[in-house]
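Enquirer: Sequence order for the protein chains is A and B. Just so you know, the UniProt record's numbering puts 92 at position 92 of the first sequence, and the rest follows in order with no gaps. Just so you know, the UniProt record's numbering puts 138 at position 138 of the second sequence, and the rest follows in order with no gaps.
No lab work stands behind these hints: they were computed from the structure. Be a bit skeptical, because a hint or two may be false.
Partial selection, computed: residues in chain B whose CB lies under 10 Å from chain A [stated by the list, open to error]:
#, residue
1, R38
2, E42
3, G44
4, D64
5, V68
6, H82
7, E91
Footprint (simulated), chain B over chain A, 3 or more residues, beta carbon under 8 Å [unchecked claim]:
#, segment
8, 12-19
9, 58-69
10, 117-123
11, 144-153
Built from N, CA and C at the ideal position, the CB exists for glycine as well.
Number of protein chains: 2
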Amino acid sequence: MGELHLISTGKQSIDALVHISSLVHTYAHFIHIREKHRSAKEIGIIVEKLLQAGVPAEKIVINDRVDVAVVYGVGGVQLAHHSLSPKRVKERFPFLRVGRSVHTFEEAKQAENEGADYVIFGHIYETSCKEGVKPRGVTVLQQLTCRVHIPVIAIGGIQPAHVRDVFMAGAKGIAVMSTIFYGDDPLEMVRLYRKQMGESTWTF
Amino acid sequence: MGELHLISTGKQSIDALVHISSLVHTYAHFIHIREKHRSAKEIGIIVEKLLQAGVPAEKIVINDRVDVAVVYGVGGVQLAHHSLSPKRVKERFPFLRVGRSVHTFEEAKQAENEGADYVIFGHIYETSCKEGVKPRGVTVLQQLTCRVHIPVIAIGGIQPAHVRDVFMAGAKGIAVMSTIFYGDDPLEMVRLYRKQMGESTWTF
Chain A
1 MGELHLISTG
11 KQSIDALVHI
21 SSLVHTYAHF
31 IHIREKHRSA
41 KEIGIIVEKL
51 LQAGVPAEKI
61 VINDRVDVAV
71 VYGVGGVQLA
81 HHSLSPKRVK
91 ERFPFLRVGR
101 SVHTFEEAKQ
111 AENEGADYVI
121 FGHIYETSCK
131 EGVKPRGVTV
141 LQQLTCRVHI
151 PVIAIGGIQP
161 AHVRDVFMAG
171 AKGIAVMSTI
181 FYGDDPLEMV
191 RLYRKQMGES
201 TWTF
Chain B
1 MGELHLISTG
11 KQSIDALVHI
21 SSLVHTYAHF
31 IHIREKHRSA
41 KEIGIIVEKL
51 LQAGVPAEKI
61 VINDRVDVAV
71 VYGVGGVQLA
81 HHSLSPKRVK
91 ERFPFLRVGR
101 SVHTFEEAKQ
111 AENEGADYVI
121 FGHIYETSCK
131 EGVKPRGVTV
141 LQQLTCRVHI
151 PVIAIGGIQP
161 AHVRDVFMAG
171 AKGIAVMSTI
181 FYGDDPLEMV
191 RLYRKQMGES
201 TWTF
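The task is simple: from the sequences and hints, build the whole structure.
Expert: Given below as structure tokens:
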């Protein structure tokens, strides 16, 4: 069974984000607070509300703001090209689970060399979040997973029906955003992903 | 002798900021990297360049990004209303010097109660950075310094000629931005501030 990462949209109200997370968190391994326009204070408020809603601290991953993650004692951070490097973060905060978002093989290899625990790679399929940008596709995903030793989490337009192909390509997990946070029935959707993931990982 | 804080403008190139800082740092007690539009990675690059230029780590203060401050081992952070609270930062990183930027007595008192080491209060005089916003003036500054027990650093339109009045009002230091970083002769200007500060503090 691979990992299921849920990524916040950065466009919803705090209440909507917390409400949906509280519904679905038992089915997800990680919930990423990816709210680039929000201040450290606001991200802290989101963490407090998620904890109050019963989301375990170790499931919470904060995008970019390592300080908020450490101060609130959550499980991990997700770093991008504009963030502190995995190396510096791991040196100072070895207890944090550190992910790195990557778009190329070189970035993934660098993340691995710098001590990242995993990479999120994408986008794999067409997605409205990346309109006009050509998706990488599962073939490139497979090339990446063969050459990188840390777990690769696939992101971008992944529907439940894609899950099998993504895992067959060597991904150790999937990350989804709009299908959960913008979906009509987030709970039904997250269960569907988990069902597909369970069946897909049977094949290995 | 009070403290002299130099605050970056957030509008200059990294090279200009580093060059001017390298010229003037021996005359300043603290250099604040206040570059709100810049990423953690960029702020880290600025810190590295300042260190290479001979600015001591303990003189460097980073605005808002506690993570960058901790990872690069600089002396302090300057927090605003949208930042992590002084309390949370002090609890987790007691070795950091923590300043809080405030605009009212209530904010200053809260910062004191939350363990901030000092506040920066302003703006005191008319300044192009706060056009159309009425300055607080030295009378309000004096009222504040009487009621707050942690050091109050004054900011906003402070020219060398104002230094005496500001210190007479109980400020323990001044923070300046454009007169240094946009000045024709930053070195001459910083010396002028220090000269005024030396003479002003003789009077106590």
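Enquirer: Now tell me, hint by hint, if it's right for this structure.
Expert: Do the hints match the structure? See the list:
Because the closest C-beta pair between B:R38 and chain A is about 9 Å apart, less than 10 Å, the hint holds. Proximity of B:E42 to chain A holds as hinted, the smallest CB-CB distance being about 7 Å (cut-off 10 Å). At its closest, the beta carbon of B:G44 sits 6 Å from a beta carbon of chain A; the interface hint therefore holds under the 10 Å criterion. The beta carbon of B:D64 comes within 7 Å of a beta carbon in chain A, closer than 10 Å, and the hint placing it at the interface holds.
Annotation: B:V68 was flagged as interfacial toward chain A, and the flag holds, the nearest CB pair being 7 Å apart, inside 10 Å. For B:H82, the shortest C-beta to C-beta distance to chain A is roughly 4 Å, which falls under 10 Å, so the interface hint holds. At its closest, the beta carbon of B:E91 sits 8 Å from a beta carbon of chain A; the interface hint therefore holds under the 10 Å criterion. With 0 residues bearing a CB less than 8 Å from a CB of chain B, the segment 12-19 of chain A misses the requirement of three and the coverage assertion fails.
A count of 5 residues in the segment 58-69 of chain A with a Cβ less than 8 Å from any Cβ of chain B is obtained; the coverage claim is therefore met, three being the minimum. Beta-carbon proximity to chain B at under 8 Å applies to 0 residues in the segment 117-123 of chain A; the threshold of 3 is not reached and the given coverage is violated. Counting residues of the segment 144-153 of chain A whose beta carbon lies closer than 8 Å to any beta carbon of chain B gives 0, which falls below the threshold of three, so the coverage claim is violated.
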